[in-house]
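Peer 1: Please work from the sequences and hints to get the whole structure.
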Amino acid sequence: MSQPLHTSGVKFLKVLAKHADLIMTAYLSGRINELDFDSKTLEKLIEHGILWRPEPGEDLRLRSSVRTLLEQNLRDERNRQLDANVGSKLATIKTITSHYKEALHHHNYAESEVYMEDLTEHVYGLVDSMKSNVRNLWRRIHNEFGYVGSIHAKIRENELAQTQLTEMRQQLEMFHFDELAQLAGSARELRRLLVVHLQRSHSEISQELSLAQSKLIDLLGKFREYLDRSQMLKGFILHHQQYPDYQVNDYSQLHNVPALFKQSKAILKPAAIDVNNAEHEQLLGQMVSQIKQIRHQKSEKSDPRKAQSFSLDDIEQVDIISNEIKQAVDDYFCQIIDTGTIESALEFQQKQQLDIDSEVWIYSVINGFYSLTLEEQDFFEVQTHGHVHHEFNGNYIIEDVSLGLR
Amino acid sequence: MISLQGQVLETLLSGGFICATSNELAFNFLQNDDNYQSVEQQLNLMNRTIAKACEGEVLFCAYQVIDEGERRVVSQQFREIAGSLLPLVEWLVLVQETKGDNAPLSQGSVIRLNEIQSVIEDTPAFCEQLAKIARYPLFNSTSSAVDAQLKLIFKRLVEQEYLLRPNPDTQIYLVTGKIDYLFEVIRFIDDTENLHLAEQAQSAIEQGDLL
Numbered sequence: 013m014s015q016p017l018h019t020s021g022v023k024f025l026k027v028l029a030k031h032a033d034l035i036m037t038a039y040l041s042g043r044i045n046e047l048d049f050d051s052k053t054l055e056k057l058i059e060h061g062i063l064w065r066p067e068p069g070e071d072l073r074l075r076s077s078v079r080t081l082l083e084q085n086l087r088d089e090r091n092r093q094l095d096a097n098v099g100s101k102l103a104t105i106k107t108i109t110s111h112y113k114e115a116l117h118h119h120n121y122a123e124s125e126v127y128m129e130d131l132t133e134h135v136y137g138l139v140d141s142m143k144s145n146v147r148n149l150w151r152r153i154h155n156e157f158g159y160v161g162s163i164h165a166k167i168r169e170n171e172l173a174q175t176q177l178t179e180m181r182q183q184l185e186m187f188h189f190d191e192l193a194q195l196a197g198s199a200r201e202l203r204r205l206l207v208v209h210l211q212r213s214h215s216e217i218s219q220e221l222s223l224a225q226s227k228l229i230d231l232l233g234k235f236r237e238y239l240d241r242s243q244m245l246k247g248f249i250l251h252h253q254q255y256p257d258y259q260v261n262d263y264s265q266l267h268n269v270p271a272l273f274k275q276s277k278a279i280l281k282p283a284a285i286d287v288n289n290a291e292h293e294q295l296l297g298q299m300v301s302q303i304k305q306i307r308h309q310k311s312e313k314s315d316p317r318k319a320q321s322f323s324l325d326d327i328e329q330v331d332i333i334s335n336e337i338k339q340a341v342d343d344y345f346c347q348i349i350d351t352g353t354i355e356s357a358l359e360f361q362q363k364q365q366l367d368i369d370s371e372v373w374i375y376s377v378i379n380g381f382y383s384l385t386l387e388e389q390d391f392f393e394v395q396t397h398g399h400v401h402h403e404f405n406g407n408y409i410i411e412d413v414s415l416g417l418r
Numbered sequence: 002m003i004s005l006q007g008q009v010l011e012t013l014l015s016g017g018f019i020c021a022t023s024n025e026l027a028f029n030f031l032q033n034d035d036n037y038q039s040v041e042q043q044l045n046l047m048n049r050t051i052a053k054a055c056e057g058e059v060l061f062c063a064y065q066v067i068d069e070g071e072r073r074v075v076s077q078q079f080r081e082i083a084g085s086l087l088p089l090v091e092w093l094v095l096v097q098e099t100k101g102d103n104a105p106l107s108q109g110s111v112i113r114l115n116e117i118q119s120v121i122e123d124t125p126a127f128c129e130q131l132a133k134i135a136r137y138p139l140f141n142s143t144s145s146a147v148d149a150q151l152k153l154i155f156k157r158l159v160e161q162e163y164l165l166r167p168n169p170d171t172q173i174y175l176v177t178g179k180i181d182y183l184f185e186v187i188r189f190i191d192d193t194e195n196l197h198l199a200e201q202a203q204s205a206i207e208q209g210d211l212l
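Taken in order, these protein sequences are the chains called A and B.
FYI, the numbering for the first sequence is 13 to 418, going by this note's numbering.
FYI, the numbering for the second sequence is 2 to 212, going by this note's numbering.
Bear in mind the hints are in silico, worked out from the structure with no lab data behind them.
Hints are all accurate, no fakes.
With a cut-off of at most 20 Å between alpha-carbon atoms, the simulated SDA-like pairs for lysine to any residue come out as follows:
1. K277/A x S76/B
2. K133/B x E122/B
3. K100/B x I249/A
4. K234/A x A104/B
5. K277/A x Q77/B
6. K53/B x A278/A
7. K277/A x M47/B
8. K277/A x Q161/B
9. K152/B x R113/B
10. K277/A x Q42/B
11. K133/B x I249/A
12. K277/A x I51/B
13. K133/B x D257/A
14. K234/A x E56/B
15. K133/B x K156/B
16. K277/A x T12/B
17. K30/A x I44/A
18. K56/A x V22/A
Source: prediction; values computed, not measured.
Peer 2: Now the structure itself:
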């Protein structure tokens with residue numbers, strides 16, 4: 013490749029990269045609003061053949077070559093264009109082959125090598141464009157023409173794809189391998205390119221195309237069914253609107269009831285519980301434990317907002333019947349406090365001639381002492397008189413207690 | 002444990018429809034000729050047979066011979082189906098229009114309740130349509146809120162096995178083969194009574210275009 017071509021190519025690509033943002037805007041919206049961008053930049057892009065003005069007064073648009081490049085690269089679904097011009101490409105290939113053979117005949121090897129390079133490029137380019145066409149078709153098939161909304165549009169898209177496919181198959185028929193084989197002659201390189209490589213690609217592509225065709229026909233059938241179904245539904249509603257008193261005929265009264273309406277009655281009902289089955293015991297137990305008992309309070313009687321009557325009379329006298337023993341214990345404590353002497357409980361009992369069992373009395377005094385608060389207990393001192401049990405050690409029998417102030 | 006054949010018999014005898022979506026195991030079980038024959042034999046004992054609809058995609062249990070008692074059952078069932086046709090068809094059209102892709106529902110379609118709900122809430126015409134559908138005795142909704150109406154309709158449809166809710170935590174529904182059965186019923190009525198429903202819709206659309 014010559015040096016100037018290389019530099020200008022690099023320059024072109026750099027321009028593309030530098031204005032990538034602008035180019036993508038143009039690609040997505042279809043045209044460029046000239047007010048949004050610098051006029052110098054736009055001039056430069058027009059100069060490089062990236063943007064062009066289809067007609068004076070029209071907006072700037074992307075050149076189709078740049079657009080195709082992007083569509084190919086982005087696998088954009090909007091790309092429905094199939095480049096199917098196989099005939100002219102084949103003609104180019106044949107012409108270059110003749111150049112190559114002529115150069116070889118004149119022993120001009122340097123020139124023949126250039127032709128060979130060119131030829132390889134063209135053959136690979138042809139195969140690549142056909143393959144990308146097939147890929148393009150498949151891409152549209154795979155998402156079931158999801159880029160258009162209505163079923164009608166899908167059917168039209170499908171028909172477009174079908175015509176494109178038929179066209180591609182016609183183009184494939186233009187490959188005459190006997191001619192190509194003759195053209196290649198005995199040159200090994202040529203045979204490899206023109207016969208082996210092209211033939212292999214040809215069979216691959218035609219196989220894929222026939223698969224795609226059957227898939228397209230399938231899809232078309234599916235879309236037609238969709239359309240049929242949705243029209244049937246809408247028709248049914250329309251029919252009901254137009255004939256409000258329309259009733260479906262009672263097909264169940266026909267002599268031969270159609271199979272659709274012969275559905276039998278559901279005869280199976282859930283089986284009953286068997287409480288005698290030991291295997292089910294655990295499950296039943298669980299269910300019982302999950303049963304919630306809900307008790308509703310009857311609220312009719314206790315209406316909270318109802319007025320209630322109350323009396324303003326004096327509270328009745330409440331008599332607290334004090335225990336005789338408790339009274340005596342209190343007297344005992346009071347006497348200790350009054351006199352300040354130490355007196356035993358039994359002595360007090362005898363003095364007062366209390367008619368209480370002495371054991372109960374002593375117990376009550378002890379009880380009376382310990383029922384005081386800790387602070388009050390601190391004012392008194394309690395001493396116990398008694399003896400150790402003669403048989404069971406650790407047991408102490410209290411015979412009397414004496415109480416005094418501390 | 003109950004065997005697969007037992008499960009299939011139970012489903013059929015309790016009036017269920019078997020399709021690849023609602024009960025894939027049972028559906029595949031019946032695709033086998035031997036299994037099919039043995040289930041058929043057992044059903045034949047009870048004057049019943051396996052009926053197929055939608056080119057074998059949907060299976061259900063039908064009577065073999067129809068006599069007086071059977072005719073009463075069949076005619077009652079027919080009345081039920083005929084009565085629920087219009088509400089169901091209106092619902093189908095509503096869902097189809099809200100989903101936006103114009104593809105009618107069929108077995109295995111997925112309906113996301115949230116998506117439908119947001120579309121309906123944004124479009125007053127759909128709201129009215131929904132309210133009309135919800136008031137049919139089949140759904141019998143008294144609510145005026147879109148949310149409650151939709152949920153009730155979907156609940157009823159799940160109860161009647163038109164829809165399936167694979168995960169009770171999410172509002173995603175699967176369409177069962179019973180919807181296809183419904184289509185077949187409409188198609189049958191269309192064919193027998195020569196209603197030309199599709200042509201009616203087509204001409205209505207064309208007239209709409211002219212206007």
